[in-house]
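Student: Which chain is which? The protein sequence lines are W and C, in order. Start counting the first sequence at 1; every next residue gets the next number (my numbering). Start counting the second sequence at 1001; every next residue gets the next number (my numbering).
You can take every hint at face value.
With a Cα cut of at most 25 Å, we get these calculated SDA-like pairs of lysine to any residue:
1. C:K1281 with C:R1219
2. C:K1173 with W:A100
3. C:K1171 with W:D88
Chain C residues, not near chain W, derived (Cβ > 12 Å throughout):
4. A1011
5. R1078
6. P1132
7. S1209
8. G1264
9. A1309
10. T1356
Just so you know, these hints were derived from the structure itself, not from any lab. Glycine included, C-beta positions come from ideal geometry on N, C-alpha and C.
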Amino acid sequence: MRYMLMICDDESDSRGPHELVRDPAHVAWIDYLDRRGITLLDGVRLRPSADATKVQSRNGQTLISDGPFVETKEQIGGFALVECAHLDDAIEVAARHPFAAHGVVEVRPVWD
Amino acid sequence: MGLVSGTVEEAVAEAFRESWAQIVATLIGSTGDWDLAEECAQDAFTAAVEAWTLRGVPERPGAWLTSVARNRVTDVLRRRSLGAEKFKEVALAERDKDVVVTEPIDLDEVAMSGVHDDRLRLIFTCCHPALPLDAQVALTLRALVGLSTAEIARAFLVPERTMAQRLVRAKRKIHNAGIPYRIPPRRLLGQRVEAVLGVIYLLFNEGYSASSGADVVRRGLTGEALRLVSLLTTLMPEDCEVAGLQALMLMHDARSAARLDETGDLVPLEEQDRTRWDMGKIAEAVDILKGAMQKARPGPYQIQAAIVACHAAAGDVSHTDWSQIAALYQRLNDLTPSPVVELNRAVAVAMAYGPTAGLAIVDSLVESRSLASYHLLHAVRADLLDRLQRFDEAAGCYREAFNLANTDSERRFLARRLMEIAERGTHSSSS
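Using the sequences and the hints, build the whole thing.
Tutor: As structure tokens, then:
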């Protein structure tokens, strides 16, 4: 099954993708995936929520405003798409993501 | 033939208690379809009533029921087999086609560990932490205990439709989110057993807190919880916390007759008639607890059971080893920090070392505001102030507790205390 891991935190970690991939904690996570034979299908780092644009279509009008979807403390900072046998494996992968230690990782099954 | 039909009914009821979980677990294992498994298990029991009345109760009711349920699965899947996606299941079910009603398979021949694994898989899946707690509880009662949706709804005082929806959503999530039907590997086991024990203890407490007038299904939850934990001890005899929870629930259960008075009001421990405690059950629980504690792997359930055992060992409140109980609460708070545990420690400390020492702990809880709306915090504080003869403050705390109490029985108890204190206050000021 494919699972989307939505990596959320309070944006206190402002490092970009190039820095993050060299972080030993991230390298260790990738190593863990390799060891468990779990495929990282895709992954992205997102720009901070300050750079987000909110778009809505209502009655033929496009409403554009700044900011992220909701005013919560945790913002989505990146995605990782993994192929796992089942939810328990996806949970273990999520728990070992470096951001899980200070933020939240939401595990969502892909609607196949 | 009234006698015979009575016997058949009893035999079916006993087979239900013995075999329901096993049959459902096996069918889910071979089909992966929870609804189909429950439906066909149900059908097998319905068929048993008629068949056993006509032909007598078979030698191995469980085996008979299992093969009838399996055949039923085969039938249903064959009818559905036009849908290509079910093809695999049909093939699987066809494999078991040689199992016919008249020649039941010998379940005794199936490796015992395999049988155990089936039910364990079911328990761990029902209590998977990715499911909401209320769904874990509902699934456990449906799949493992075999209660109907209507019965579960009644036990939890929610409309049947709400409960039906809860079960549908839970089963959908198991399927959609890919919750595995398996016993977790050793590295995850400790944490996951904890979740299972949590569900069982919750069931027990729901039944235990039900008054004597409450619905019989609701009161029956204590019995079901005891049955589930005893099943778990058979399946996981080495786990000390499973044994700890069993001992804890047995000890609570042993005191249930003395817990409520004739009007259904709660009787506090110190006023309970200890001759009404079931000492046989308490002895059994203490044996189980000792066996677990010898393995020196302490956990919260073992410690809680040890606390209740301390109470049970004493003839009355004054002979209770309160310093030991205070020390146990300290250990419990170290393992699972909680303000409620700390409040209980305060009570034990007050009994062991005097109300001033207890009040110091309660006051720091009041300051932290973590239990501000918990009536027992104020009731405990009131009791300690009362013993320190600070009657006005005590009365104020009892009034606060009264306003926050959840049940009439608690309110009656607090009102009584409030009256007693008013009398004491008058006497002390007039003397």
